[in-house]
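Student: Here is how the chains run, residue by residue.
2 protein chains.
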Amino acid sequence: MNKVNLAEKFSLVKDYWSPAIAGELNGQQVKLVKFKGPFTWHHHENEDELFYVVKGSFIMEFRERNVQVNEGEFIIVPHGVEHRPNAPEEVWVMLFEPASTLNTGNQQNEFTKKELDII
Amino acid sequence: MNKVNLAEKFSLVKDYWSPAIAGELNGQQVKLVKFKGPFTWHHHENEDELFYVVKGSFIMEFRERNVQVNEGEFIIVPHGVEHRPNAPEEVWVMLFEPASTLNTGNQQNEFTKKELDII
Numbered sequence: 343m344n345k346v347n348l349a350e351k352f353s354l355v356k357d358y359w360s361p362a363i364a365g366e367l368n369g370q371q372v373k374l375v376k377f378k379g380p381f382t383w384h385h386h387e388n389e390d391e392l393f394y395v396v397k398g399s400f401i402m403e404f405r406e407r408n409v410q411v412n413e414g415e416f417i418i419v420p421h422g423v424e425h426r427p428n429a430p431e432e433v434w435v436m437l438f439e440p441a442s443t444l445n446t447g448n449q450q451n452e453f454t455k456k457e458l459d460i461i
Numbered sequence: 343m344n345k346v347n348l349a350e351k352f353s354l355v356k357d358y359w360s361p362a363i364a365g366e367l368n369g370q371q372v373k374l375v376k377f378k379g380p381f382t383w384h385h386h387e388n389e390d391e392l393f394y395v396v397k398g399s400f401i402m403e404f405r406e407r408n409v410q411v412n413e414g415e416f417i418i419v420p421h422g423v424e425h426r427p428n429a430p431e432e433v434w435v436m437l438f439e440p441a442s443t444l445n446t447g448n449q450q451n452e453f454t455k456k457e458l459d460i461i
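Chains A and B, in that order, give the protein sequences. Letter by letter, the first sequence follows residues 343 to 461 in this note's numbering. Letter by letter, the second sequence follows residues 343 to 461 in this note's numbering.
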């Protein structure tokens with residue numbers, strides 16, 4: 343039951359697109375990720391994902407439209423929906439999703455990363 | 343799949359200790375609450391709760407110790423653990439918890455509130 347300071351924890355995240363677990367509750371995990379550049383198109387079969395922007399902004403690309411998500415905003419991507427985060431500049435994102443979630447969903451490629459342990 | 347701007351949504355929250363649902367995913371809800379003053383001591387039988395401070399700061403009181411949670415920080419309170427949020431000044435908090443969670447947990451009193459619908 344210690345508090346978690348996001349800025350402090352983000353300073354431990356060195357690589358882009360490499361999620362670090364910052365907390366767990368009710369079978370869900372809080373993951374901290376730094377985005378930069380375009381990610382890979384994917385969807386998650388079973389898991390909905392919440393993306394909250396802590397610093398900066400990014401574009402959530404869907405097949406039909408794009409949504410710019412800015413600091414202090416979140417977007418929820420339901421399971422089954424194809425998406426690609428794209429960050430022209432570095433952005434710090436807090437994810438909230440089931441512990442079972444793989445970062446690249448139905449894809450396995452160079453972006454696929456196991457999470458860092460709780461930081 | 344619209345984004346949610348926290349400042350905008352918080353402007354719709356008028357009463358203290360009255361949670362407003364800002365999002366749902368995986369059986370969990372994102373709730374926005376303004377705290378001011380001391381809440382009621384309680385615990386949740388089954389639900390863990392995450393408290394993320396969007397603006398201001400508050401004290402999470404436990405029976406054995408207190409933790410001050412500041413802007414940009416979160417704390418997770420596991421189920422079964424007695425706690426009382428206490429906010430000397432107004433604070434804006436984003437909660438993440440199962441949809442089943444009652445705000446006063448095992449207590450029913452003047453603080454007990456049904457959530458506002460999705461805002």
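Where hints are given, some of them may not hold.
[What the hints assert, rightly or not] Dumping the calculated DSS-like pairs for lysine-lysine here, alpha-carbon to alpha-carbon at most 25 Å:
id, chain 1, residue 1, chain 2, residue 2
1, B, Lys378, A, Lys345
2, A, Lys397, A, Lys345
3, A, Lys378, B, Lys378
4, A, Lys378, A, Lys456
5, A, Lys397, B, Lys345
[As the list claims (entries may be wrong)] With the Cβ distance kept under 10 Å, some of the chain B side facing chain A (calculated, not the full set):
id, residue
6, Asn344
7, Val346
8, Leu354
9, Asn368
10, His385
11, Glu387
12, Glu389
13, Val396
14, Gln410
15, Val411
16, Asn412
17, Ile418
18, Pro420
[Said to hold, decoys possible] Computed footprint of chain A on chain B; a stretch qualifies when at least three of its residues, placed anywhere within it, have a C-beta under 8 Å from a C-beta of chain A:
id, stretch
19, 355 to 361
20, 446 to 457
These are calculated hints, taken from the structure and not from any lab test. Idealized CB from N, CA, C, for every residue including glycine.
Student: Where does the structure disagree with the numbered hints, that is, which hint numbers, in rising order?
Tutor: 3, 8, 10, 11, 19 and 20
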